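**Student:** So the protein lines, in turn, are chains R and P. Counting in my numbering, the first sequence runs from 3 upward without gaps. Counting in my numbering, the second sequence runs from 114 upward without gaps.
By construction, these hints were calculated from the structure, which means they are not laboratory data. Watch out, some of these pointers could steer you wrong.
[Claimed, not checked] The calculated lysine-lysine pairs, modelled on DSSO-like cross-linking and capped at a C-alpha distance of 30 Å, are:
#1 P:Lys297 - R:Lys267
#2 R:Lys267 - P:Lys282
#3 R:Lys59 - R:Lys264
#4 P:Lys275 - R:Lys264
#5 P:Lys194 - R:Lys264
#6 R:Lys179 - R:Lys59
#7 R:Lys179 - R:Lys230
[Unchecked claim] Which stretches of chain R does chain P cover? Using the computed rule of at least three CB atoms under 8 Å from a CB of chain P, they are:
#8 89-98
#9 120-133
#10 248-258
[What the hints assert, rightly or not] Listed next, with one range per pair, are the computed distances between beta-carbon atoms:
#11 P:Val479 - R:Leu154: 41 to 47 Å
#12 P:Gly387 - R:Ala76: 37 to 43 Å
#13 R:Leu113 - P:Pro425: 19 to 25 Å
#14 R:Leu113 - P:Gln403: 33 to 39 Å
#15 P:Gln490 - R:Ala76: 51 to 57 Å
As the structure is a prediction and not an experimental result, all values here were calculated from the model. All residues carry an ideal CB built from backbone N, CA and C; glycine is no exception.
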Amino acid sequence: MNEKLLMARWAMALFLSLIPGAALAEDPASLVRQSQAAFHYAGTDLKARVKMTLLTKEGQQRLRDLMMLRKNEAEGNQRYFLYFHGPADVRGTVLMVYKYPNREDDRWLFLPALNLVQRVAARDSRSSFVGSDFSYEDISGRDVEADTHAVLRTEALGSRQTVVIESVPTREADYAKKVSWIDQVTFLPLKEEYYDVQGALYKVFMADEIRDVQGLPTATKRTMTNVKTGHKTEVVFESVAYDVGLSDDIFTERTLRRPPEKWLK
Amino acid sequence: MRRKWVLRLVIFLASVVLWVQSSRSVSHASGISADNFTIHGFLQANYDMRITGQQPPNPQGGDLLFGEERFQLRLGYSNEKIRLFTRTDFFYDHVNNRPSIESREAYAEGSVGSSDLRAGRQILIWGVGDYLFINDIFAKDWGAFFSGRPVEYLRVPQDAFKLDLGTGKVSAEIVAIPFFQEDKLPPRSRFVQFDPFSGVARTTQEPRTEFQNTEVAARVYGTTWGFDTALYLYRGFFRMPALEANQPSMPTLVTETFPRLAVYGASTRGNALGGVVSAEVGYYDSLNDQAGHDPAIPNSSFRYLVGYQQQPWEDFTVGLQYYGELMFHYDAYRATLPSGFPDQDRHRQLMTLRLTQLFRNQTLRVGLFAFYSHTDQDYYLIPEVRYSISDNLWVAAVGNVFGGRRATTFFGQLDADDNLAVTVRYEF
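Just chain R, same shape as in the assembly (with noise of 0.2 Å):
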């Protein structure tokens, strides 16, 4: 992250938290989109072990720990390659990723027991990731243009001052409306209320815990609870690192097949 980049956010959010909130309804869309990029692509690259618990509503455990390696591209393009250190089951698995902004993601699935490399088709808003709570698209965020959005206000929520802002759909989506919590320093989102086609709440997003590394704030403790089920995953992002160098070789079929071993340990 260069530092004028960041003094520029910092200046940003001195502006916005000096005017009122009706100020901020003249664009809501450029502040989901800096949200955006402070939450999913936030460094150049980055490399991250990943540890989700999933929780079922009687207290059955499930974790899937993984490696996650992020690479910014052109346009907000982007790629992502997810190797599972375990659960046992699913162990050398690799997910690779293409993100697109405007369209459907390229998929891979590696298999080690099989040797074999998939394609997967699967919409990104529908499909629940690796079985958790969370959405392909909670994981590597949604279009901005996919829905309109309004700023409903501004609050406090704990020590930090928010703007609040709904997303309605334009496209296919597993939500009727969002509700996100937009922190007005770091733009990361604190809390997100999913809610389904009858209004009703059933999925609530939470940033438990933000960390300044490399200057970046991260949230490096997430939950995602469907309130209907009861089920719930607590996601923990332990020792990430920005701006580690990764390179395109790493985004191949090829290495699917051979994962890079430096950058899984």
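Put chain P on the given structure of chain R with help from the hints.
**Tutor:** Coordinates of chain P only, in the frame set by chain R:
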């Protein structure tokens, strides 16, 4: 003696499980990984029963088509220069009533620049078909597949050298296989199936291990505009035996031979039409009988498949494929086919359907895979239910249902072999 062996195996397995369990409290991740070493594996029980009440003559195992307890040990070592990996299975086979060991993978791999060389026993696979293979000419175990074993056992490991080249846009794999490995067909002692030379003595004549018999397979591949595209080349042998009788009428000896084969092909796969579209073609050049006059050798053919996969709703996937085999020199084939032999269609076609629905946060999978051929008028259905009891333990039930109008077609001949398999696996 045998008891002692089994006892040793049981003690060994038990101690591994205890050791793994005791190490689990240390970290969430299972198995062992210390510095450059990894130890993983599983314990598995797998039984498969025929449910039709019919049996082949002199059946081995009766209605038990398959039954075993298996322990797999995967050992890995890697540093910056070299990677060693072994996957070894220890099992007790209840059909043959004996313990056994099978090496599934054992290779060394080294890198020089952007190329990797892997030497040793390995699982080779490529192509875009789903249970349909055109350019994937590597050895398969159809007996394992038809008896509902976990799908990785469809693959027969091969002793080979594999060279990986290139980075970024275009890559290539070149495989040299010095030791011939035939496809494993369902054993006649276990499966009721069609035999055109019923009761005649058989012998097998595999290609000898000689330099000029080394099989070569190559694939050049890359992704352009989101489509994974590949070109393939193979020079080797048919892996399904061709049957050569010592005399046309009243044969007394049938020799299983493996005629020479070359395959040239291509495939592509990518996002389109709201799902994933795939296509593959291959020209099978029957080198020992290019004119198609020898009835004991398969004719040359052109094979193709198109596939489409889509997810209509969350956790539900549909896959469709259409496959065809177009035989060349069909007139020569018909003219030389011995009388009484069932003839194959000039254009054999089949389609497949795969339905998969996941439930309970993707821990419960209910699926169906179906083959149907309207030219052979036969079918093969594979219903499946699999549940992950915990992160380490899963249980699955798989059915194999065969049928068809004639008892001479690929699936129709197995009509009396419908079976139900149950698998439990503990992974560490």
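**Student:** Confirm or reject each hint.
**Tutor:** Hints, verified against the model:
1. P:Lys297 - R:Lys267: Violated, at about 39 Å.
2. R:Lys267 - P:Lys282: Within the cut-off at roughly 26 Å; holds.
3. R:Lys59 - R:Lys264: violated, 38 Å
4. P:Lys275 - R:Lys264: Satisfied, since the Cα-Cα distance of roughly 22 Å is no more than 30 Å.
5. P:Lys194 - R:Lys264: Roughly 12 Å separates the two Cα atoms, so the pair holds.
6. R:Lys179 - R:Lys59: holds, 25 Å
7. R:Lys179 - R:Lys230: Within the cut-off at roughly 16 Å; holds.
8. 89-98: It holds: at least three residues are needed, and the segment 89-98 of chain R offers 4 whose Cβ sits within less than 8 Å of chain P.
9. 120-133: With 10 residues in contact (Cβ-Cβ under 8 Å with chain P), the coverage given for the segment 120-133 of chain R holds.
10. 248-258: holds (count 5)
11. P:Val479 - R:Leu154: 41 to 47 Å: Since valine 479 (chain P) and leucine 154 (chain R) have Cβ atoms about 42 Å apart, the given range 41 to 47 Å holds.
12. P:Gly387 - R:Ala76: 37 to 43 Å: violated, 25 Å
13. R:Leu113 - P:Pro425: 19 to 25 Å: holds, 23 Å
14. R:Leu113 - P:Gln403: 33 to 39 Å: holds, 38 Å
15. P:Gln490 - R:Ala76: 51 to 57 Å: holds, 54 Å
The structure fails hints 1, 3, 12 (numbered hints given earlier, in ascending order).
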